[in-house]
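Position chain U relative to chain X; hints supplied.
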Amino acid sequence: MKKSLVLSFAAATVLTFTACGGNDGGNDGEGDVDTNENATETNDSEEGEDGGDEASQPAEDQTLIFARGGDSVSLDYASVTDGESSRVTQQIYESLLTFEEDSFEIGPGLAEDWEVADDGLSYVFTLREGVTFHDGTDFNAEAVKLNFERWADPDHEYHFADEGYAYSVYGTQFGGFQGDEGHVIDEINVLSDYEVEFVLNETLGSFLQNMGMSYFSMTSPAAFEEYGSEINENPVGTGPFQFVSWSRDDSIVLEKYEDYWQEDLPKLDSVIFQVIPDNSARLTALRSGEIDIMDGLNPDDLEALEGEEGITTFERATNNIGYLGFNADKEPFDDPEVRRALNHAIDKETLISVLYAGMAEPAKNLIPPDYLGYNDEIEPYEYDPELAEQMLADAGQEGLEMDLWTMPVARPYMPDPERAAEVMQANLSDIGVTANIVSMEWATYLEQTEAGEHDIFMLGWSGVNGDPDYFFGNLLHSDAIPGGNRTFYRNEEVDSLLDQAKTSIDEDERAELYMEAQELIHEDAPMIPLVHSIPVLAGSERVQNYVPHPQTSEPLTEVELSE
Amino acid sequence: MLAYTIRRILMLIPVLIGMSLITFSIIHLIPGNPAQTILGEQATPQAIAQLEEQLGINEPYLVQYFDYIGGLLQGDLGQSLRTNADISNEIWPFLAATIELTIFAMVFAVIVGVNAGIISAWKQNSLFDYGAMLVALIGVSMPIFWLGLMQQWIFAQELGWLPAFGRGNPRDPVETTTHFYLLDTLLSGRMDQFWTSFRHLILPGVALGTIPMAIIARMTRSSMLEVLRSDYIRTVEAKGIPKLSVVYRHGFKNAVIPVLTIVGLQTGTLLGGAILTETIFSWPGVGRYVFDGIGNRDYPVIQSGILIIATMFVFINLIVDLLYSYIDPRIKY
Chain X
1 MKKSLVLSFA
11 AATVLTFTAC
21 GGNDGGNDGE
31 GDVDTNENAT
41 ETNDSEEGED
51 GGDEASQPAE
61 DQTLIFARGG
71 DSVSLDYASV
81 TDGESSRVTQ
91 QIYESLLTFE
101 EDSFEIGPGL
111 AEDWEVADDG
121 LSYVFTLREG
131 VTFHDGTDFN
141 AEAVKLNFER
151 WADPDHEYHF
161 ADEGYAYSVY
171 GTQFGGFQGD
181 EGHVIDEINV
191 LSDYEVEFVL
201 NETLGSFLQN
211 MGMSYFSMTS
221 PAAFEEYGSE
231 INENPVGTGP
241 FQFVSWSRDD
251 SIVLEKYEDY
261 WQEDLPKLDS
271 VIFQVIPDNS
281 ARLTALRSGE
291 IDIMDGLNPD
301 DLEALEGEEG
311 ITTFERATNN
321 IGYLGFNADK
331 EPFDDPEVRR
341 ALNHAIDKET
351 LISVLYAGMA
361 EPAKNLIPPD
371 YLGYNDEIEP
381 YEYDPELAEQ
391 MLADAGQEGL
401 EMDLWTMPVA
411 RPYMPDPERA
421 AEVMQANLSD
431 IGVTANIVSM
441 EWATYLEQTE
451 AGEHDIFMLG
461 WSGVNGDPDY
471 FFGNLLHSDA
481 IPGGNRTFYR
491 NEEVDSLLDQ
501 AKTSIDEDER
511 AELYMEAQEL
521 IHEDAPMIPL
531 VHSIPVLAGS
541 ERVQNYVPHP
551 QTSEPLTEVE
561 LSE
Chain U
564 MLAYTIRRIL
574 MLIPVLIGMS
584 LITFSIIHLI
594 PGNPAQTILG
604 EQATPQAIAQ
614 LEEQLGINEP
624 YLVQYFDYIG
634 GLLQGDLGQS
644 LRTNADISNE
654 IWPFLAATIE
664 LTIFAMVFAV
674 IVGVNAGIIS
684 AWKQNSLFDY
694 GAMLVALIGV
704 SMPIFWLGLM
714 QQWIFAQELG
724 WLPAFGRGNP
734 RDPVETTTHF
744 YLLDTLLSGR
754 MDQFWTSFRH
764 LILPGVALGT
774 IPMAIIARMT
784 RSSMLEVLRS
794 DYIRTVEAKG
804 IPKLSVVYRH
814 GFKNAVIPVL
824 TIVGLQTGTL
834 LGGAILTETI
844 FSWPGVGRYV
854 FDGIGNRDYP
864 VIQSGILIIA
874 TMFVFINLIV
884 DLLYSYIDPR
894 IKY
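Line order of the protein sequences matches chains X and U.
First residue of the first sequence: 1, per my numbering; consecutive thereafter.
First residue of the second sequence: 564, per my numbering; consecutive thereafter.
Bound conformation, chain X alone:
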């Protein structure tokens, strides 16, 4: 059936080809399509890593093509926040510490060792010796100092604020910039060539986690001198791959750095980040063997890919929350009883099966389950429409009518916001609540929810450093109004617990404090936590050792292609 349609369509289009003199017989000389032939008969591999071990040999051409929906904004990693930029800078740059390959567990990176003073106000990092930047210069303590000072000090010659660069992540993670009241890094001292000390004026629980973030990677000081504010197009780091070229909206080409400090790594000769905006077109390119890995798979396509020859899928561990937030400043959502009632009204399981193709888990807390301090004791509000209806009646809110604000764009935590809104609208109508779906343009949506114009709204949040403070501090602390706290939730007790947890450097104590905070938050129910989604990537079975990291990107140091 499929064949005949293909043929008749082919005939029609071929007819039109003949006139322009095209002779489209051969397809050699390019390698575009020949990868298909290499696909073996095995189509049962789930993991992607094993499965090909006995038969697979490293391929001769070790060029990996990674396809994604959008281009990088800048290769000056600290000045941008989008995932497509860090996906590339992860390969070129390295930070003092690194995360484990599949978790936010911190480990040595460019720093081999580190020591924290008892009062938590001083951190001494011992740097790895013999590491060179791609321009051949040495990596040392001076380089670390210069990099941090350039982000912290708005007047630094390499801060490039006049050229429109904003180092907002630095501000968020370290409490502002030099001269700001909350800025925690007091001074940076070079103790020796390979020893550097950070002195803080206030303890910061997430300090070491921050050091692992790719935003705080090391650029060659010589490169700043050479390229100035054009550093974003001429990245020079210590990472496994060095920059070759960038054609905007098309591709970024990187090649293996031969003097990389880790023996025999990376395994790939080069990596090409290719922009293919359309999700279906990207999948077609994967199926035709023109690319090796693709991001941004439609959940609906996932089922079709199961068992497809030569193609495998990779699951990224969840690191986000999709939620429905109330406006606690507006009636009747200022009443916790009403919020709790509505928490019982949403059927998360249906939502997950309909919209996420099962690739999500229902949420009961704000933070993802494997985070420090995740409170598993919390009893989720069960889906119980009758109870919800009863509770609403008790609160005197029968026949409640409200606006349900819907995101206009898809996000990893919300792949199809419109349909999600319809599902939830139906849930609410089951308990006699009328929800009018309201949608607007994305930037306006963010502005207006920040300003508190909404009744209830859909949104989400993704983690960056695996630290719970990034979720709680930004979404539920009263200091984040206006800002990330769009539920206008204010609870002094919660604020105080979060403050203590933020500054504590004792992991157990932090966990304890967050657990306590989650109990209070659960009771107050400022939001309906919906899901923690599991992003899925698809790739060719030739790709070996690819492990997606919960932050949106990962170094491809160990990846290789088999025949």
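Everything labelled a hint here was simulated from the structure, so no lab data went into it.
Given the structure is predicted, the values throughout are model-derived calculations rather than measurements.
In this text, a Cβ means the ideal position worked out from N, Cα and C, and glycines have one as well.
Among the hints, erroneous ones may be present.
Unchecked claim - Not close to chain X: a few residues of chain U, all C-beta gaps over 12 Å, as computed:
1. Leu575
2. Leu579
3. Leu602
4. Gly729
5. Leu750
6. Val809
7. Ile843
8. Trp846
9. Ile882
Said to hold, decoys possible - Quick list of the computed label-pair ranges, beta carbon to beta carbon:
10. U/Leu690 x X/Glu563: 42 to 52 Å
11. X/Glu181 x U/Trp655: 23 to 33 Å
12. U/Ser651 x X/Leu302: 36 to 46 Å
13. X/Glu142 x U/Glu738: 36 to 46 Å
14. U/Trp655 x X/Asp506: 35 to 45 Å
15. X/Pro154 x U/Leu750: 41 to 51 Å
16. X/Glu226 x U/Leu592: 56 to 66 Å
17. X/Leu305 x U/Asn652: 36 to 46 Å
18. U/Phe761 x X/Glu441: 57 to 67 Å
Okay, now just chain U, sitting in the frame of chain X:
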């Protein structure tokens, strides 16, 4: 002819100024703050305020407009808010990609459309005529994105004949000087790359060219039918000149004016219509450039992109007008 040409070119100035003012105003009427869009949902109000100031978007509207026009007159298209890059430096590769694609699509549309139209008129009511007009009808009504996706599915995925995306093989990048890949590969003597680039043009070019091809075919057919029925054709035929020559040399020459109008108009439309094709086939052209700019509220990028597309549209119309008076000297203004 020269006076007419100069007059026509001078007339472009008010058109272009008006156009820039309209684009500028419309873009600034769109709600939403670029700083918020650039920084996303995880941005703090301080970061947004800081970025707004750096971008200069809290200046009054007219100040921004005159800044923009001032720069424009010096050949400065401004800076992208998102990437900080100079637009005049970075726009050429996108523009070249679009022009290459548009030319290819138009050549395809004209060659196929004109010939199909002529033959249909010549063999009126034949099987070919019905077939071609049916294809033309389908062609006009087929959405580009659907056609594009079907082509990818069939010719790239199922048959593996043609590449599904991009302008060339990413594993073997083309060395660019002009950014017209067909030209660049010829200049560097890389025939293998030329062939690759050509094959990459086929699917997007056909997708983009299908609608104009269909329109041109129908226009040519009706125009030709009219001419073939006229007296002078009967005279020419009576002289015993071969049919092929009658149709192509004597007939088509007189049927060409309306066809030319359509070709001109369609070329202009293609420039704008390229956005969808460029997105589906990952063609890094100016349509995509503007489209991404819109998504990011990148005012300078949107303004410059639209201004350039509009300018080209205006110039194509100019060329068509000038061609009229060249082909048919009776057309004078």
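Consistency of the hints with the structure:
no., hint, verdict
1, Leu575, "holds (29 Å)"
2, Leu579, "holds (26 Å)"
3, Leu602, "violated (6 Å)"
4, Gly729, "violated (7 Å)"
5, Leu750, "holds (18 Å)"
6, Val809, "holds (21 Å)"
7, Ile843, "violated (5 Å)"
8, Trp846, "violated (9 Å)"
9, Ile882, "holds (22 Å)"
10, U/Leu690 x X/Glu563: 42 to 52 Å, "holds (51 Å)"
11, X/Glu181 x U/Trp655: 23 to 33 Å, "violated (47 Å)"
12, U/Ser651 x X/Leu302: 36 to 46 Å, "holds (43 Å)"
13, X/Glu142 x U/Glu738: 36 to 46 Å, "holds (38 Å)"
14, U/Trp655 x X/Asp506: 35 to 45 Å, "violated (57 Å)"
15, X/Pro154 x U/Leu750: 41 to 51 Å, "holds (47 Å)"
16, X/Glu226 x U/Leu592: 56 to 66 Å, "violated (43 Å)"
17, X/Leu305 x U/Asn652: 36 to 46 Å, "holds (41 Å)"
18, U/Phe761 x X/Glu441: 57 to 67 Å, "violated (40 Å)"
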